[in-house]
Amino acid sequence: MIEIRIHGRGGQGNVVAAYLLAMAAFEEQRYGQAFPNFGAERRGAPVTAFVRIADRPIQRRNQVRHPTFLIIQDQALLQVPGVTDGLKPGGKILVNSSLESAELSKQLGQQAIALQATALAKKILGRPVPNTALLAAFFTLTEMLSQDSLAAVLQKRFKGDILEKNLQLIQEGAQQVPAGLWKEKEEESNAASA
Amino acid sequence: MLQALEGSQAVAQAVALCRPQVIAAYPITPQTHIVENISKLVADGKLRCEFISVESEFSAASVVLGAALAGSRAYTASASQGILLMAEVLFNIAGMRVPIVMTCANRAVSSPLSIWNDQQDSMAVRDAGWIQLYCADNQEAVDTTIQAYRIAERTELPVMVCMDGFTLTHTLEGIDIPNQKQVDAYLPPYQFSRTLDPRNPISLGTLVGPDFYTEARHSHHQAILNAQAEIVSADQDWLAISGRKTGGLLSVEGPEQAKTAILAIGSVLGTLRAALRELPPGEPVKLIKLRSFRPFPTETLKAACKDLDNVIVLERALSPGSGGIIGLEVLAALSELPTPPRVHNFAAGLGGRDIPLEILPKLLSVLTEPNEGRFKIIDVDLEKLPVEDR
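Chains as they are written, first to last, in the working numbering: chain A, 1 to 194; chain L, 1 to 390.
Keep in mind the hints are simulated off the structure, nothing from the lab.
It is possible that part of the hints are untrue.
Said to hold, decoys possible - What follows is a list of derived Cβ distance ranges for each label pair:
| hint | chain 1 | residue 1 | chain 2 | residue 2 | range |
| --- | --- | --- | --- | --- | --- |
| 1 | A | Pro89 | L | Pro281 | 43 to 49 Å |
| 2 | A | Gly86 | L | Asp307 | 20 to 26 Å |
| 3 | A | Gln175 | L | Pro281 | 45 to 51 Å |
To be verified - Okay, derived cross-link-like pairs now, DSS-like style, lysine-lysine, Cα gap no bigger than 30 Å in a straight line:
| hint | chain 1 | residue 1 | chain 2 | residue 2 |
| --- | --- | --- | --- | --- |
| 4 | A | Lys165 | L | Lys40 |
| 5 | L | Lys46 | A | Lys159 |
| 6 | A | Lys106 | A | Lys88 |
| 7 | L | Lys46 | A | Lys165 |
| 8 | L | Lys40 | A | Lys159 |
| 9 | A | Lys156 | L | Lys181 |
| 10 | A | Lys156 | L | Lys259 |
| 11 | L | Lys46 | A | Lys156 |
Predicted, not measured: the structure shown is a model, and the values here were computed from it.
Where is the CB? At the ideal position from N, CA and C, for every residue including glycine.
Whenever a hint applies, use it, and build me the whole structure from the sequences.
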């Protein structure tokens, strides 16, 4: 079982990102579970969402405390206490950041991959919503689920112009990061129990 | 076929499949996405139904009461303060023995203000005279919603389907939504036996003096007790149609020879199941999923527990000044056994506190460590409290 934690701010589409990720698992006959950790929601406040992906039904409903992957929708959240807590040894971090990966990793004191998701989203969607670009990059890095599955679930969630632009956005997002860089993580995690 | 759906969305679809004619809800906090999704189905013309947005939960309950008395299949949903504001009408609905289905998306109640999950809201109205069924996952919430109409209409009693707020309502997971043919075969059009009809006038909910009130209460009590058979058969008949079982009054899983059981209601059962696999205890442990809290299945529970040495009850509510609510009822039921197991009672996960897998060893530690009293909130952090409150 793979556990993923997504950190972002209200309005960045955290819950949608978590739902899309879990939905994509079902596109490939796997199981997914996604849920938010709501605060008193308001735009801009830090929010968290959790995703599990497994090859059999997922029973547990506790929050993800030891994720294999962290997706951070706003690099400023890296300064918030607790955001990177509990990451599994060897776990990976994907950050929406204006920095290059090397510089970000240096600042953070651990390896992370940066994606300029806000800039990409602004360019294609005309709005600074980084979630789908980050998902596309995540799918490329892990090769856990295919870009086709991401496109398929976007088609279930959106329509019209928003859909078309998001499909374009994930194509671009997918090309910004090295394919399969994090692939082995999934195999290791699969060896552990669901 | 499994679809990836949010719990609230799945329940909305299940309600729509039951062909309700009147839905009333107060559409702001603490409401769920359930009625939001249903209102969209109505607005999109996918569900032919009168959707009435009201100005409070008191009115929501009153509207569905009136609608059901007029012969409609009715539905509402609420949670937390909303349930409390409905309380007076909930007693009326039950006392008039009107078949209504509502979802309680279980949440904590004020004060202190909390929007998060526990089961204090439905527990607060456990004496309202409704049937209360608790769901362990979103598939159960879908199947129980459909079964609830069948049970309500055959018993002429209202049914509250309780599902954990956020933990189920806001969780996306794989859910099989039955088709309309399956639900239609299970749930034929309904004619309420006491539909208000000016040609055949009757009175409901009128003043009853001491000479008959007691009999009304006795009859209501018996009717809910008797509903046990209907709850079991509703599940069996739905199994025949859907291929899924939801667990009747209660269900037991785990090794036959186990002398210890953990009894819980709601979504924490999944976490306990995962914990038993991941943190296997030194001795075999059974899990008892209590699905029907009202009626309380005393005889079924006794049969499930007769050979046990220890029953650990975990619940997400309490009666301040007494202790656990479910625990006390389990204790009372099992005291009727010739050699009753010891009952240990814990609350956890109040106001949305996360219940991790590590709760399992904490629960089981009661078997080896001396028991400090009958009831304990197991995940309280006493360090956060002033010394005099610990």
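30 Å limit on alpha-carbon distance, applied to hinted pair Lys46/L and Lys165/A: holds, 29 Å
Hinted pair Lys106/A and Lys88/A, Cα distance within 30 Å: Holds: Lys106/A and Lys88/A sit about 19 Å apart, inside 30 Å.
30 Å limit on alpha-carbon distance, applied to hinted pair Lys40/L and Lys159/A: Holds, at roughly 17 Å.
Holds or violated: Lys46/L to Lys156/A, with C-alpha atoms at most 30 Å apart: holds, 18 Å
Consistency of beta-carbon spacing, Pro281/L to Gln175/A, with hint 45 to 51 Å: holds, 49 Å
Distance restraint between Lys46/L and Lys159/A, which requires alpha-carbon spacing of 30 Å or less: It holds: about 19 Å lies between the C-alpha atoms, which stays within 30 Å.
Pair hint outcome, Lys156/A versus Lys181/L [Cα-Cα no greater than 30 Å]: holds, 24 Å
Satisfaction of the hinted span 43 to 49 Å by the C-beta atoms belonging to Pro89/A and Pro281/L: The hint (43 to 49 Å, Cβ to Cβ) is violated, given that Pro89/A and Pro281/L are roughly 26 Å apart.
Supplied distance hint 20 to 26 Å, evaluated on CB atoms of Gly86/A and Asp307/L: Between Gly86/A and Asp307/L, where Cβ atoms are some 41 Å apart, the hint is violated.
Pairwise hint evaluation, Lys40/L against Lys165/A, where the allowed Cα distance is 30 Å at most: Holds, because 25 Å separates the two Cα atoms, which is no more than 30 Å.
Hinted pair Lys156/A and Lys259/L, Cα distance within 30 Å: With Cα atoms ~48 Å apart, Lys156/A and Lys259/L exceed 30 Å; violated.
Hint check: violations occur at hints 1, 2, 10; the rest are consistent with the structure.
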